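Modelling step: build the complete structure from the supplied sequences, incorporating the hints.
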Amino acid sequence: MNNINLDKVTKILSEVRNKIPLVHCITNYVTINDCANILLSYGASPAMCEAYDEVFDFVKLSSALYINLGTLNKEQEQAAVLASTSAKIHDIPVVLDPVACAAVPKKIQVINRILQVGKIDVIKGNIGEIKFLAGQSSNVKGVDSFDTGEGALECCIALSQKYKCTVAATGKKDFITDGKRSAVIENGTEMFTKVTGSGCMLGALCGAACGASEDKFTATVNAILSMNIAGEEAFKAANTPGSFRVKLIDCIYQLSEEKLKEGAKIVWK
Amino acid sequence: MNNINLDKVTKILSEVRNKIPLVHCITNYVTINDCANILLSYGASPAMCEAYDEVFDFVKLSSALYINLGTLNKEQEQAAVLASTSAKIHDIPVVLDPVACAAVPKKIQVINRILQVGKIDVIKGNIGEIKFLAGQSSNVKGVDSFDTGEGALECCIALSQKYKCTVAATGKKDFITDGKRSAVIENGTEMFTKVTGSGCMLGALCGAACGASEDKFTATVNAILSMNIAGEEAFKAANTPGSFRVKLIDCIYQLSEEKLKEGAKIVWK
Amino acid sequence: MNNINLDKVTKILSEVRNKIPLVHCITNYVTINDCANILLSYGASPAMCEAYDEVFDFVKLSSALYINLGTLNKEQEQAAVLASTSAKIHDIPVVLDPVACAAVPKKIQVINRILQVGKIDVIKGNIGEIKFLAGQSSNVKGVDSFDTGEGALECCIALSQKYKCTVAATGKKDFITDGKRSAVIENGTEMFTKVTGSGCMLGALCGAACGASEDKFTATVNAILSMNIAGEEAFKAANTPGSFRVKLIDCIYQLSEEKLKEGAKIVWK
Chain A
0 MNNINLDKVT KILSEVRNKI PLVHCITNYV TINDCANILL SYGASPAMCE
50 AYDEVFDFVK LSSALYINLG TLNKEQEQAA VLASTSAKIH DIPVVLDPVA
100 CAAVPKKIQV INRILQVGKI DVIKGNIGEI KFLAGQSSNV KGVDSFDTGE
150 GALECCIALS QKYKCTVAAT GKKDFITDGK RSAVIENGTE MFTKVTGSGC
200 MLGALCGAAC GASEDKFTAT VNAILSMNIA GEEAFKAANT PGSFRVKLID
250 CIYQLSEEKL KEGAKIVWK
Chain B
0 MNNINLDKVT KILSEVRNKI PLVHCITNYV TINDCANILL SYGASPAMCE
50 AYDEVFDFVK LSSALYINLG TLNKEQEQAA VLASTSAKIH DIPVVLDPVA
100 CAAVPKKIQV INRILQVGKI DVIKGNIGEI KFLAGQSSNV KGVDSFDTGE
150 GALECCIALS QKYKCTVAAT GKKDFITDGK RSAVIENGTE MFTKVTGSGC
200 MLGALCGAAC GASEDKFTAT VNAILSMNIA GEEAFKAANT PGSFRVKLID
250 CIYQLSEEKL KEGAKIVWK
Chain C
0 MNNINLDKVT KILSEVRNKI PLVHCITNYV TINDCANILL SYGASPAMCE
50 AYDEVFDFVK LSSALYINLG TLNKEQEQAA VLASTSAKIH DIPVVLDPVA
100 CAAVPKKIQV INRILQVGKI DVIKGNIGEI KFLAGQSSNV KGVDSFDTGE
150 GALECCIALS QKYKCTVAAT GKKDFITDGK RSAVIENGTE MFTKVTGSGC
200 MLGALCGAAC GASEDKFTAT VNAILSMNIA GEEAFKAANT PGSFRVKLID
250 CIYQLSEEKL KEGAKIVWK
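Protein chains in written order, with numbering that gives the first Met the number 0: chain A, 0 to 268; chain B, 0 to 268; chain C, 0 to 268.
No incorrect hints appear here.
Beta-carbon label-pair distances, calculated as ranges:
1. R16(B) x R16(C): 39 to 47 Å
2. G134(A) x N2(C): 51 to 59 Å
3. K7(A) x D56(C): 41 to 49 Å
4. G262(B) x S255(C): 38 to 46 Å
5. V116(A) x S136(B): 31 to 39 Å
Rather than coming from a laboratory, the hints here were simulated on the basis of the structure.
All of these numbers come straight from a predicted model, not from anything done at the bench.
Just so it is clear, CB atoms sit at the ideal spot from N, CA and C, and this is done for glycine as well.
Structure, rendered in structure tokens:
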């Protein structure tokens, strides 16, 4: 059973590389370059279209829509909502990264608006953000979460039922569920917390994976596993953050299904 | 004849380094950092001024204006048009990168507005974009072109006459023309398609070269040749995209007229 | 006396790493990613919050506010002023980087507005900018200063009295004063002028240091010394700009109080 699941997960890497999904990203400017580069290295094609009068039509051309709520300006915020409506109409998968929703309550309004007029297929946040959305308190500071992950899977499942979507909470361990199937991934590296954009880049990869596969749960597991295994390899090559960032992009590019299979530490629930 | 041309082309590198042209860039946020860094490595001075109430006066101080249409917001779009007017009045060369004009037809309105109230000295796009502007269909997906380049030079010449400017179309081969003189450059590396911003950075270099030389055609050939030779050297040093990006900036910095001459694969037409 | 001062300066590195100050940055998009990454490597936590309706409340959560005037859009500009008001009310230190104030006179209006409704604890600019603010002419071109630094300390002291804050002017030598105590730092590397964002990153570090220490003068000296020593080490490892940028982040991460002490070339005035 577990091997069957893992096979399905790792295959998504090849599906991304075969399909080259166009991932339409509306994301913060801090890490927008990193998101574009990691998408290219993963095998996808990035498009950072965010002009209000372009996004509705552009979503139609895309394989997936990635919305990241970190420091969006007004035009981006409105474009994000409109893009999600287009995604609903045109049946394009939507991945949401609710950056800083626990620190900036206004983000919740944007999420509710997206749920109201658009849709969310996958929500991927750090454990603090996911717990907050599930109605639980957590230890957060600014955009960072210092939560140890206790009770995280239960929160993911609850949020999955509330939003009717796949939910992923990242931290030392990563928790993914679609309400029925769940996985805990124990790969990764502490170095992710020493560079900006690890979470944003991961969200973009979730978009790419969902743009290549109908099975959003399995696609999300692939994106998170890919990021974590590449992170582990990058850390082996470079244990300082400047060099680590460079190697991370290299290692995403050099991923193979075999590497994912060999390295995976997944517990299926 | 060919050697005379090549001499003229390679000399522009020294002209950039002697003049240190101030290149005023209005460009997308995805790759704005890359554009600034490659300009510095080439020998130019970047200025990313885009505030609507500053650009008119700032253009006067500049050696060249680079406008890149990728994901401009409203303020940038208006600033780009106004800056082009200032460039016309103050006789500053304008390089335009019509990013995604084939995928997002609204871009054409901005281009037409720039032609109407400002001017364009050089238009540099991928083959798909240039063909689209010349009225020909092409194989594009999002911001990327998968065109093989057949008929590209003819399209460049047609567009050059339509817009009365130098035209460059990039792809596996690069095509440059001012309507009278034409060149095909066969240098470069596939790795340019694995990192974001190769095209944007090249556009910025075209701005720098045009800011250092009156001969826009020859300047554009230098910018494209410099990018391609540096790309070839970077790929020799690093065949994965994260490291390649770093080496590309290094190799632009380390370019010399001799390296350009030795490596150049240019066919003059 | 000098050793006591140097001890106080170097200790701030540990204070940053113990406190992990949350540095709220409103900064230009050219180098926003670099600022976030260098803050993480220094030991601080970056937050690039700039939405007008979020900044007032977000400042309260922060240890310091860093405002960088390079190419701010309208929303950022208004957010910067509002954030400075919040910082005044909530007693959060404010570091201002007056990028391009000598080239774009409109920047002065923003600075005056911040002084009127908010406050400035530290102003850190290049020598050209600081001289301009102090009412002296200087040799500037775009955002870059080519000033040799003659009379710089006097200008810093004058501006310190005018704005009632700590003032730092950077160049070949760096000058810091709070009006009573002054320091001249002779560390650093020419390579800072070959990459974009050296000044912006330094400003962010000043924010982090001031977020960890009450003594703004000593904190600013630490930030500048840290940047310079890391730059010297990065240059030893990589003398080309692409690689230098990567190593700079690595070297900030690897700084220690001992390295700062051994390398420091500070003249106290």
